[in-house]
Amino acid sequence: MESALTRRQSRILTLPAILIVAVVTQAPILATLGLSLVRWIVVRPDLGISFVGLDNYAGIFSTRDFYEVVSNTVVITVVSLAVCTTLGILFGLMLNNQFPGVNVVRTLIISPFFVMDAVAGIVWRTIILNSSFGWNEYFARMVGVRPFDFFGVHALLTIILLIVWQWTPFFVLIILAGFQSIPEEIMDSARVDGMGWFKGLLFIRLPAIMNHIEVAVLLGLIFVLKVFGLIFVTTRGGPGYSSANLPFYVYKTAFLGWDVGRAAAVAVVTVAITLGAVLALFRWFRGRLAEAGQ
Amino acid sequence: MRFRARVHLRVPGIVLIWLVAILWSFPILYMFLTSLKGEADVLPPSLWVAHPTLENYATVLRQEIVRYILDSSVISVATVALCLVIGVPVAYAVVFGRLSNSDNLFFWFLSTTLFPPVAVIVPVFLIFRLAGLLDTVAGMILIYTGFNIPIVIWMTRSFLLDVPRELLESSDIDGSSRFASFFSVVLPLARQGIVSTGLLVFIFVWNEFFFSINLTYIHAAPVPVYMASYMTQEGLFWAKLCAISTLVVLPPMILGWFAQRSLVKGLTMGAVKG
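Sequence order for the protein chains is C and F.
Heads up: the first sequence begins at 0 in numbering that gives the first Met the number 0, then just goes up one per residue.
Heads up: the second sequence begins at 0 in numbering that gives the first Met the number 0, then just goes up one per residue.
Because the hints were derived from the structure by calculation, they are not lab data.
Treat the hints loosely; a few may be bogus.
Under the rule of at most 30 Å between Cα atoms (straight-line distance), these lysine-lysine pairs were calculated in the DSS-like manner [claimed, not checked]: (1) C:K198 x C:K225; (2) C:K225 x F:K264; (3) F:K264 x C:K198.
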């Protein structure tokens, strides 16, 4: 068909995007890889810039901070995703009914997803969880106990709480769409078979929306591994490194320690862990799908 | 897609659901309540606003926050425009064009969304410093455009796949070029999806924290930077803090409300049928 988009036209349409995305996201990743092999401490110009091979990696792997941060990242990711999925299913079930104000209820539950990290962190930290003036203190005094120490010993838990609060809505949106896509006939046949509500959920509805749950978890994983703002405005990764994740560790190494080489090395490790986790999860889901198909 | 009651809810169930929803959004609701209180009435915490006032809003709108809101607006709107202008044609070419490697190309774009911003921040910072792009609106637009084009392509592709091929082919027969067909056939059908994609990018950029805190200081600083510094400078004025917070979360919440349905569809299509 002569009026169809020609090969050349198609290529021209894609060119600007390829250029910008390559320059802004891909080239810097290569540069990060290169920088991870040099010693460059910006605040010590006297040391200069020198090639040090894998020294930066050796340096990271020999500090305890790094292992604490990796372990935090794993804990934050696994726990948040598990809780988000569970709550996503529960809230999805709630919203999959017809009742007065269902639209308002959905809006209320979804809204934290659209609140910027900076505001979410600040609002939780001050008016809600503040141990001298917030609701935290108010309830503690009512019950007669000491306010819960959200920003000391339990800082990591606080970060998870905030992530769950912000990201559950995303899971709800996708899982609810899943529940709504189940054909009514399937539900009817389950009812004819005399299945109870819970059995129907376990054996019919949840398996039917497995794809939706997988998409939510996969996207959730990508996003949760990037979390930074919530940590920055609430705990600053502290006390010590007890609530820092990998992105925050890169930030601290780069912009507080000004150690370019080591920051780049941590960034490379972060990318490797991210890609590894996403790929592993993807494989696992595909494998499960193939098994179910047999 | 139909909305049918699966279970007939009784009153206690409905009340419970409402309670859960109010509790979940409590920080936002209470933030709004606090923004209506006088500074002296903020503590101890209470759900009752004895003397509701808009004074906090009037005060904060006279402060420097206005400049940050302007920066945020310029950066967000420009990014959305650029992302759509550059990204939508790619989706169009991938779906309706003749590319030998359209699948690979699409997956390449998709894979770039996997990389966390920390993967690029160190060289980007160094290059920006060298090129004089640190703390400039142009620099922020550039970085956000690069990071959001793949999202536009990803979502727009889902919406374009919905456009029946026959429609496009019949307009070919009518003799209109595929460039013209985009505007006459495809755009009207996919408009809602494309608009929602734009809204989503706006929300992402407006809320973005990592790049804005690391690449701007004063001249091009968007709202999140202001919020982060407010804590240290004027952390004690909670009512004003809440007024500012309410103002800056309102745009993404309203736009998000419009975009939510398309968001799910755009992000999950391909992986999920339905």
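Quick rundown of the hints versus the structure:
For the suggested pair C:K198 and C:K225, the alpha carbons sit about 37 Å apart, so the restraint of at most 30 Å is broken. For the suggested pair C:K225 and F:K264, the alpha carbons sit about 23 Å apart, so the restraint of at most 30 Å is met. Taking the CA atoms of F:K264 and C:K198, the gap is near 28 Å; set against the 30 Å cutoff, the hint holds.
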